[in-house]
Structures are given as structure tokens and as C-alpha cells.
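Chemist: Fit chain B to the supplied structure of chain A, relying on the hints for placement.
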Amino acid sequence: MLYNKKQIKNIIPYQEPFLWVDEVESIEGDTIIGYKQTDPKDEYFKGHFVDFPIMPGVLVVEGIAQTGTILLREKMGKDHKNKHLLAYQVRSAFFYEIILPGDKIKYKVKMVGMYQDKIANFVGEAFVGENKKCEVRFSVAILTKDELNKKAKEVKGEKEEKKGWFNLPSLKIGEKFSKLPIIQGGMAVRVSLHNLAGNVAKEGGIGIIAISGMTDPQEVRDEIRKAREISQGNGLIGVNIMGVIGKFKELLTAAVEEKIDIIIQGAGFRTDTFEIAKKRNVPVFAMASSANVAKKAEDAGAAGVIIEGCKAGGHLGFPKGHPFVETIDIIKDTVKKVKIPVIAAGGVFNGKDIVEMLKAGAKGVQMATRFVATEECDANQKFKDAYLNAKKEDIAIIHSPVGLPGRAIKTPFVQKIINKTTPKPDPKECVGCIGPVCDRTYCILKTLENARKGDLENGLVFAGANAWKINQMTTVKKLLDELVSEANQILKDNPITQ
Amino acid sequence: MFENNKLTKLLGIKYPIIQGGMAGVSESVLTAAVSNAGGLGIIGSGFASPKWLDEEIKKTKALTDKPFAVNLLMQNPAVPELIKTIIENKVPVVFTGGGNPLTILPYLKKAGIKVIAVVPTVRLAKKMEDNGIDGVVVEGMESGGHIGENSTFCLVPQAKQLIKTIPLIAAGGIYNGQTFASAMILGADGVQIGTRFMASTECQIHENYKKAIINATDEDVTVIARFTGHPIRLIKNKLSESVKKTEEKNPFPEEIKSERFAGAKGGENIDAFPLLAGISAGGIKEIKPCKEIIEEIVNDAEKILKESEKLLQ
Chain A
134 MLYNKKQIKN IIPYQEPFLW VDEVESIEGD TIIGYKQTDP KDEYFKGHFV DFPIMPGVLV
194 VEGIAQTGTI LLREKMGKDH KNKHLLAYQV RSAFFYEIIL PGDKIKYKVK MVGMYQDKIA
254 NFVGEAFVGE NKKCEVRFSV AILTKDELNK KAKEVKGEKE EKKGWFNLPS LKIGEKFSKL
314 PIIQGGMAVR VSLHNLAGNV AKEGGIGIIA ISGMTDPQEV RDEIRKAREI SQGNGLIGVN
374 IMGVIGKFKE LLTAAVEEKI DIIIQGAGFR TDTFEIAKKR NVPVFAMASS ANVAKKAEDA
434 GAAGVIIEGC KAGGHLGFPK GHPFVETIDI IKDTVKKVKI PVIAAGGVFN GKDIVEMLKA
494 GAKGVQMATR FVATEECDAN QKFKDAYLNA KKEDIAIIHS PVGLPGRAIK TPFVQKIINK
554 TTPKPDPKEC VGCIGPVCDR TYCILKTLEN ARKGDLENGL VFAGANAWKI NQMTTVKKLL
614 DELVSEANQI LKDNPITQ
Chain B
6 MFENNKLTKL LGIKYPIIQG GMAGVSESVL TAAVSNAGGL GIIGSGFASP KWLDEEIKKT
66 KALTDKPFAV NLLMQNPAVP ELIKTIIENK VPVVFTGGGN PLTILPYLKK AGIKVIAVVP
126 TVRLAKKMED NGIDGVVVEG MESGGHIGEN STFCLVPQAK QLIKTIPLIA AGGIYNGQTF
186 ASAMILGADG VQIGTRFMAS TECQIHENYK KAIINATDED VTVIARFTGH PIRLIKNKLS
246 ESVKKTEEKN PFPEEIKSER FAGAKGGENI DAFPLLAGIS AGGIKEIKPC KEIIEEIVND
306 AEKILKESEK LLQ
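So the sequences go chain by chain: A and B. In terms of the numbering used here, the first sequence opens at residue 134 and continues consecutively. In terms of the numbering used here, the second sequence opens at residue 6 and continues consecutively.
Hints are computed from structural coordinates only; laboratory data are not their basis. Keep in mind that the hints are not guaranteed to be accurate.
Said to hold, decoys possible - Ranges between beta-carbon positions, derived for each pair:
1) B:79 to A:149: 52 to 58 Å
2) A:134 to B:236: 41 to 47 Å
3) A:234 to B:262: 37 to 43 Å
4) A:149 to B:250: 54 to 60 Å
Claimed, not checked - List time: in silico SDA-like cross-link candidates among lysine to any residue, alpha-carbon distance up to 20 Å:
5) A:243 to B:262
6) B:254 to A:221
7) B:254 to A:226
8) A:208 to A:272
All C-beta atoms, glycine included, are put in the ideal place defined by N, C-alpha and C.
The following block holds chain A by itself, in its conformation from the complex (with noise of 0.2 Å):
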């Protein structure tokens, strides 16, 4: 005997349960004989056939190539641990007599050509004693482990590519697709205005001026043109706006007669949001806190949802008893419910969340919190520092005089508010902002607008619950930036297959 099942092993990578050769008599030139010893309890049997064990004629094939591979490893040298050899024909097979449980099997193997080391050609012969069992004639491929791999990555790369997105995909609103699926959230009071929404839109974003507490149409108007000017064409620009807020009306139409390309509405489901987007048609996306909002929304006519979840910052859509739900679990809650695109807000902080949001439905997301740390947010430096300032702790949940609990970063003013010592509002300054709404505990208006100011002491400066981990300034472009190479750099290796 030449070689036994052990060294065989070290010669060829195969094992048990997938080893048909078990030992070599000889190799004399280009001829390799080699020996299977059958055992009626071998597990194949039991299936092959269930009425009539015989060995079946793939095993004795392999059983055949095997053996020529360890022929081949041997004319290789040393270098053959480097190299994989894959099966790259079975150009005839032909079987002469069945093999029987118990049956000694003899392998004769010629290898009679080889072609630029990338090529081995084998005639393989069975036989159970004198008898020739079986004849195959077969190809083997010789492979680096480097190409091989790169195969690997290929086949799967070809397969999923025609299934799923290796980048991150573009977002339609209405009838225009937005390059990027990143919406800038809009902030009120005048914290995202035409600087920051331009500038997102420039880069290839939906770039969102928050109009509530605003109440002169004019500087909607002035606001969207500037804008306009700062994002050259790029992007898509649109308006956030709360239901709730007392000129809406006259607001709104301001802004769709500045042609928008979005509208964003929150806070207080109203349905002339509609009739006033209609006239333009410029699609409305509702802001729900949870699925069946989410579907109401879509019946009113929503061309979009985007779902706020827990983490947000500012006002959440969470009242009295209803607890705080992630963003995620409503998103795959919503995309079971509603036809119409769900865009993920509330959290989102990078690539990774992007692609986590994506991944569970979502098309798009929307994101706040980061773009207050940039240049061109329209805030106040030291609204900014607050968030850069902020620690963990420093992130509460207030109430505010809307009715809904509020996420801030703890300024002065937020301590009063947690002592109940706030300054009542002053009924003579009082321009209704949110109408009868209010519980008149402080001026939401003026605080917000005090923090956009720089004033803390007297400001309430809205944060997301993730505001604590930036630490420096950044610029729009390098934000979107970092966001979309984080993102494709996941999706090159998982991509989206929704």
C-alpha cells in the first residue's frame, strides 16, 4: 500500500462522511490505482434504493475523481496546498454493472492531459475485482485559494446584485427623486431656515425650513428663495409645519406658491393640508408616531409617512399613556399597513442606522440632531455648543405647553421647568402661536426662540436622545458624506433586498 486513509486525508481535503477512497496501492507515471471498501451499513444503502441496496454511480464517479485529484496533488509539488481543484466536467460516464453492499472497489485513474496548469484531464476506470464496474471521463479545474475566493465573492456579488441595492438608494417624493433618502428634519423655532435646508439640498438631500412659530407669509416666501439660491437646483427643498400652529393656512399657502417640492406635516392631523398642497400638487408626508396614523394618513391622501419614534428630539408624539415605542418596531409595524413610502426619523445617527432602517422597510430616513452641529444650521453658536457640550445626563424629558413631552438638552431653562418654576406667559405677548392648545405652563414660542438665539438661560434647546455623541462642528457636505460612505460601506457586503 502507498498511501492509507489518514495520509490520504493529508493529501486531499476531504473527510468523513465525504471521503470515497481509503487507500492507495500505487502511482506509476500518469496512473493511479486506489481502493473503496464497501460496508452494507454504510448510510447510503439505506436510501440507494430503499428495495435494493446498490452503490450509486455518483459515488463511484467521485470515488474516481477523488482519487485522480490525489494523483494530480502529487504531480503538482508542494505548491498543490495552495490550490483548490474543482470539478469542470464529466465529460462521459458510462456504468457497466452494479456494485454491491460489501463490494471491494478498485479505481483505476489515467490522467491524460493537462493544460496551462489550469486544466487536468482523467480517464477513470471501477472495477470489483476483475469486472470493470464503471468508465468516466472528467475534467478537473486548478485553482488558486485567492481566485477561488474571488469567484466566490463574484457568483454571490452577480447573484444579489440583480435583487438588492449595493448603495444607498435614491427616495421618490411625489413625482421628483431625491439623490440622497436623507431628509434634514425641520426644526422650529428658525432653527433649520434657508441655510441649512440649502445647504442639504445642495448636497444632494431634502433640505426642510421649519416654518412653525413663524406668522408672516413673507418670510416663508423669503426663506424658500434663499434657499433656492444656496442649493443651485440641487436637492429637493421643502417645509415643515405643525397642524396645530395658529396661521396655517396662510403659511402654508405662501409655501406651496413657492413651489416646494414636500411638505411636512406634524402635529395635528388636518386635513386642508391637502387641499391646500393639491393646488400645486405637492406631496404631503405625515409625521405618526405610530402604524395606524400612519394608515390614516395614507387614506387622507399622505403621499408619504415619516415615523417618529422615541428617540427624537423636541416634541414627541407620544401623550399621556402611550408609551414610548422605537422607531424600528413602528417602521416594520407601518410597512405591513401602508402602500405609500415610510420614511424612519427619531435615533437615526449614522450609516449604520440608516441601513438598519432601510433594511426594516423603510425608504428613506429623516434626521435632525446631526445637522444642528454643522456651519451652516441656522441656530445660534451657542445653541450648537449645548449640544456639543452635552453629556449623556444632560438629555431630558420635559413637558411642554402643547401637550406632549418634549426631549431638551438641561440649559437653566430646563431646570425650571423640571422645578415648575417657570415664568407664566404674558397674555399681552401672547400671538396664539398654537391656539387653544397651549396650557399656558411658559411660552414655547419665546423659549425656543430664546435658546435659537444663544439665550439659555431663558431657551429651550430641543435635542435627540443621541445628541450627546457629537462632540465637534462638522459642514453639511462632510456630514452627508460621512453618512452615505458609512452606509455604503455595510451594503457593499449586505445589500438591501427588500
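Modeler: Okay, now just chain B, sitting in the frame of chain A:
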């Protein structure tokens, strides 16, 4: 007779009948016999060495003062030296086969040698004419040895439509007066004959090989090694049948050792070597001297052509 024939005029021969160059088979004795009988004999050089060719040319010259030719197998790596030998010996005509002769054409032309190419398709025939070759043999797959796909019956008239200036020679399946006359009617200026000359007194193949040819019927002639892309026509024997059996198993091309099927004179045991021959073997019944073969072909053809008017009655 044949005073206005393009081929006889080009080569300075009496009859437009060429004995095909057969590697391992046609050498000085056969070549000289055919040339002496008024045709053109050809030494088939195959994979032979320059030394062998030099000797055969000298022997041929000793046996005849008529024009003769050498057939060059373009796959022979010794072609450059063989050309030297041909030029030194002032051989008047070279036939080429098994490859593109245009690369060697300038050297032969410069030496005043006429070059005739053997081709298997109409396209290649036209290409040869366009590139200054002196004559072209279109060989149908009726022939023996390595064969092409087209038949003589279709090749000749189709080539005739394009070949206007140089002589067009038909080959494959021509062996008697009828087939010679037919080839001329199809448009050929002359014919190249192989198998018929193997069954000649002067051919140096083994007597048993000659007997195998005259005993063969059309069904005894077959083709092997089609799957290799280089099919070979021969008379069935044990060797060819064993190859056929292997072919049923879809073998690798390298399992059919083509050198085993090169032309050869053969020996006593006709099962031990390949009996290369054309389908015409089925119609060849007698071993004769080349002179008789040629005269019989010409006389029969003359008779057939003169009586051909009757076919219209």
C-alpha cells in the same frame, strides 16, 4: 486535346490530371510515373525531413524529365528548409496544404516556382486568387485522409463563380472517366486524383493496402476523429473501429493520437495501420500502371463528353 486548357498551359503537361500529394504514400516512383504518363506527379512531403525530400526529388528527376511537383504540409516546422531544398533542386511547381501558403509565396515566386494551394472552401479559394497564387485546388470531403466539410459537387461550381483568372482544380471523389468529365462540366480546369493512384502498379504502398482499396465498397469507407475538429477518412479496419468505439465514450481529443493516423505505406497486417482512402475506393476495382489509369480516364471522359448530347434526347 487540352491545347486551350489553363492548367496544362500553366504547368506544361499533357493532361489536366494531377496526382494528389499524399504524405507517406506518394514519392519518387509514383510521381515520376504520373508525370511520364502526361499528368503531374507530386511528392507528398508531409512531416518529412529536408534530407528525405532532397533524395526523393533527385530520384524523381532521374526517372522523368517531365514537370512534377512537391506538396508542402504547412504545419511541418521544417517548411523553411524544405523550401530551400525545393529551390536548390529547381522543382517547377509547389502544392500547399494544411495551412496558409501566402507567407511563403514571395520566396517561391522569386525562384520562379509556380504555387498551387489546396483549400477546403470557396472563400479561401478566392483569397488565394486575390493574393497571387497560380492555381487553386478545391478539395471536397469525398477525399481520403484529412477532410473538410464541403463536397466536390458543390465546391467546384461555387468556386467557379468567383475564380476567373487562375486554373481551378477539382479534388475529392474523382477516379475515372465519368468523375473527371463531371468535374470539368462543374467548372474545373483540371482534377487532382489521389486514391486511384494508390491502386497503381507504381505506388509504393503495401500490396495489402492496395487490395484493401480495390476490395472496398462505399460502405467500407468511414470517417473518424470528427470530434477533434480534424476528421480523417479511411477504409474501416480494426484500428478505425477501435477509435470509433472510444469515440462513443466522448473521449478527450488527446486520447486519439493523430500521429497514429498519418499516411503510411502500411504492411502485411492491414489492421495495424490506418488505411487512408477516399470514397472513390468503392469504385476502384483494379490495380493498373499509372499510364493506363490516366489514358483510361481521358479516353472514357472524351467518349462520355462526346456522347453527352444523348442525355438531352
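Chemist: Each hint needs a verdict: does it hold in this structure or not?
Modeler: Verification of the hints:
Separated by about 56 Å at the C-beta atoms, residue 79 (chain B) and residue 149 (chain A) satisfy the suggested range of 52 to 58 Å. With their beta carbons about 45 Å apart, residue 134 (chain A) and residue 236 (chain B) fall inside the hinted range of 41 to 47 Å. The hinted window of 37 to 43 Å between residue 234 (chain A) and residue 262 (chain B) holds, with their beta carbons roughly 40 Å apart. Checking the proposed 54 to 60 Å range against residue 149 (chain A) and residue 250 (chain B) shows it is violated: the Cβ atoms sit about 38 Å from each other.
Under the criterion of a C-alpha separation no larger than 20 Å, the hint pairing residue 243 (chain A) with residue 262 (chain B) is consistent with the structure, at around 16 Å. The suggested pairing of residue 254 (chain B) with residue 221 (chain A) holds, with an alpha-carbon distance near 17 Å, which does not exceed 20 Å. This hinted pair checks out: residue 254 (chain B) and residue 226 (chain A) have alpha carbons roughly 8 Å apart, not beyond 20 Å. In summary, the hint linking residue 208 (chain A) to residue 272 (chain A) is supported, as the alpha carbons are separated by about 15 Å, within the 20 Å threshold.
In summary, the one numbered hint that this structure violates is 4.
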